[in-house]
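Assemble chain B onto chain A, guided by the hints.
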Amino acid sequence: MDKSRVKLVLFLFFSLFCIITGRMLYLQWINQEHYLNTAKNQYFQSEKIKLPRGTIYDRNGKFLVISVPKLAVYVVPKFIKNKETTAKQLSLLLGIPYEELLNILNTRKNYTVITDNVDLELKPKILKLRSDLKEWNIGIEETNIRYYPQNEIAGSTIGYVSRKTGLGLEGVEYLLNDYLGGGIADLIVLRDAQGNPVSIEKASAEKLSYNAVLSIDLNIQYIAEEALKELVVQRDPLEASVLIMNPKTGEILASATYPNYDPNYYYKYKIRKNINFQHAYEVGSVAKPIVLAEAVEEGKVNMNEVIDCLNGGIEVDGVRIRDHKRFGLLTPIQIIQHSSNVGAIKIALRLDSKRLYDKYIQLGFGRKTGIFPGEASGFLRPDYRPVNVAYSSIGQNWTATPLQVAVAYSAFANGGYLVKPILVKGLTDNSGKFIQYSQPQVVRKVFSKEVLDKVIPAMIEVVENGTAKGGKSEFFTIAGKTGTAQKYDPSIKALSNTKWYTWFAGFFPVSDPKFTVVIFANEPKPKFPGEHIGGGGVSADVLKNLVDRVMFYYKNKPDKQPSNQ
Amino acid sequence: MIAVSDKVVLIRDITALIKRNKLSLTVIFVSLITLIGYSHLTFSIEKEVYELNHTKSLLLSKNFELKKEITELSTPERINTIAKTDLGMVNVDYRQVKFIDVNK
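Residue numbers (the working numbering), protein chains in the order written: chain A, 2 to 566; chain B, 108 to 211.
These are computed hints drawn from the structure, not numbers from a lab. Warning: the hint list may mix true and false statements.
Unchecked claim - Example chain B residues on the side facing chain A (calculated, C-beta under 8 Å, incomplete):
#1 164
#2 165
#3 168
#4 172
#5 174
#6 178
#7 184
#8 198
#9 201
Said to hold, decoys possible - Here are the simulated EDC-like pairs of lysine to aspartate or glutamate, each with C-alpha atoms no more than 20 Å apart in a straight line:
#10 163(B) - 122(A)
#11 175(B) - 263(A)
#12 124(A) - 155(B)
#13 446(A) - 513(A)
#14 556(A) - 208(B)
#15 163(B) - 142(A)
#16 526(A) - 227(A)
#17 154(B) - 143(A)
#18 63(A) - 176(B)
#19 545(A) - 237(A)
#20 169(B) - 120(A)
#21 450(A) - 298(A)
#22 488(A) - 524(A)
#23 545(A) - 200(B)
#24 129(A) - 158(B)
#25 175(B) - 120(A)
#26 89(A) - 100(A)
#27 528(A) - 240(A)
#28 455(A) - 299(A)
#29 63(A) - 184(B)
#30 126(A) - 158(B)
#31 124(A) - 172(B)
#32 556(A) - 200(B)
#33 163(B) - 143(A)
#34 191(B) - 231(A)
#35 175(B) - 143(A)
#36 174(B) - 122(A)
#37 154(B) - 142(A)
#38 175(B) - 153(A)
#39 558(A) - 200(B)
#40 41(A) - 153(B)
Backbone N, C-alpha and C fix where the C-beta goes; we use that ideal spot for every residue, glycine too.
Okay, chain A solo, but in the shape it has when bound (with noise of 0.2 Å):
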C-alpha cells in the first residue's frame, strides 16, 4: 500500500475528529448556556399565573368573597399575521364585539390581555383555533377572578384584590394576604410541538391558602346598610356609617359606611376607605356618660344633687363655651339626658384631670385597636387646663373613631369590661376546619357596677325621654347618648356653626344587651329649612328602622310593653 496515502488518509481522520472535538468542545463547553436556553425556550415556557386565593364568609358561612377560576387570553398584535380573521374568530369564540378586537390587534404592538374572564371549558377551542389560524401569538393564560357577590354589602370592610398582583390591597383582603394566599406564580410550562403544555415542570414556592371567616352577619349587614341608606337620601351627608358590635364578645356584626363601594369595579372609585375605622372625628356629647361615670367613681357627684347650668354658658379660662338651650336647674341624669353641656363641664371640672384623661385612655381612646390596616388612632393629647378639660368633657379636643366609641359604649352595655374587638372570626382550611380562631378577650375592666347602676339610667333616659327620644322602640329599651360636635372650619379659622358631626351611641335591650350600635354622620344636611341638627334627629330614623328588625332577626321578645297595646 502507498505509504502517503495511509498518511494523507490518516491526516483527514485526525483533521476531522479534530472539528469535531472542537465543535462539541465549542457546544458543550465555551456556548454552553446559549444553547441550553434556546433548548429550554423551544420545550420548556414560563408562564405567570394568579393564584386561587381563599374564600371569605360571614359568620354563618354565606360566601362574602370566592375566587373563580378563569382563563385569561392575550394577544401580541405585533406578530399578528392576518387581523381581521383573527378578531372575527375570536369575536365569535369569545363574545367580544368584533370591531373592539379589531381595534386592540390595530393599536396595540406588544403583549395585551383581551379579556381575563374567559370560561376554562373553552381552553380547547382556543387553543385549535390559535393552530387552525396558524397565530401563535394568540396565548391563554390560567388565572382567578376575586368575586365579591354581595356587590357593595361590607364593601369597604371586605375590601378588594389588586387585578394586576392578585393581592389585597384594603380592608379585611389587605389585613388577610399572609393567610388566603393569591398572588402571581411562575411555572416552568413543558409543551409539545405544536406549542400545547404537556406537563408543569417547575412552581413557585406556594403560599398558605386558607379560608377566613368573618365575625359580621350578612343579614345584620344588609339590615345596616338599609337604615344607613336611608339616612343618607334623607340628610345628604357627606360621610355616614352604622356600627354594629356584641358587647359581650368585641364581634363587629356589621360595618356599613357611606361612601362605599363595589370591591368588583374597585378602581371605578375615588374613595375606598372605611370610616368606620380609618377616620376619627371629635364625638361631641358622647363623651358626656364616661365623665358621669368617672365622677361617680371619684365619688365627686351625687345622682340627687342638682347642677346649675347657667342659663345657656359657661366661662373657663376665660373662654365661654355655650350650650345649645338654656338650661337652669339640672340633676346629674337630666344633664346626660338633655346633654347640658354646662352641666357636663362643671362635673368634669370636680375631677382629677389626670384620672379623666386617664379614663379616656383606659376606654381605649387614641389608639389602634388593631383590627384593621390603616386604622385611625384617634387624637387625645393629655392637657390638663380647665379649658381643655372642659372641651374634652363635651368631646370637642379629641377624636375618635365610631370603631372606638363603639368599643367604649360596650363597656357600658356589659358590666364594665373593655373587650378587644373581633373582625376576623378565624381561619379555617379547605375542610373547614379552624386552625385559627380569635376568642373573645377582655382588656382591662373599666367601670364598677356601682357606677354603671348609676349611669345606665341616665342613657336610657337620653332615649326614652332625652335628645334621642325621635329614635326609640316600642318594644325594646335602648341606653344611649347622642352627639353633635362642631367642625373646625378653615375658612373662618373657628369652629362652625353650620357643620356638624353627629353621633349616637347606644346599646340594646338593656335587660340583656346583645348589640353595641354608633351612628355616625359627617355634615348631614336639615331635613327642612331652620332644623335643629343634632344627633339625635340625625339618627332617630336609622335607630327605628334598625332595633325592631335586628331584634326580630334574632328572634328576641320584647322587653317592653307597647304603650297602646
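Frame of chain A; chain B shown alone:
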C-alpha cells in the same frame, strides 16, 4: 471502488463481529428499546396527569361558578326585593308577633 472479494471479506468480518459480540449487541438493542418505551410511557403518563389536572380545574371552576350562582340567588338584597315587591311582605311589626313560651 471496492472489489467483490473485498465486499465478501467485509461482510464476513461484520458477521464475525456480530457473532462475537452477540450478547453485547442484544443488551444494547434491548436497552435502547426499553429506554424508548420508558420515555414514551413517562411522556404519556405526564400528559395524562396534565389532562386530569385540567379536568380537575374544570370541575373546580364549575363548582365555583355554581357557588357564585347560589350566592347571587341568596343575597339578602335579592331576597328582600322578592319578599317586598313580589310577595308583598313588609318589615316586622312587633304588635303582630306573638311569642309562645314552649317551656310552659
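Run through the hints listed earlier and report the numbers of any the structure violates, in increasing order.
As far as the earlier hints go, not one is violated by this structure.
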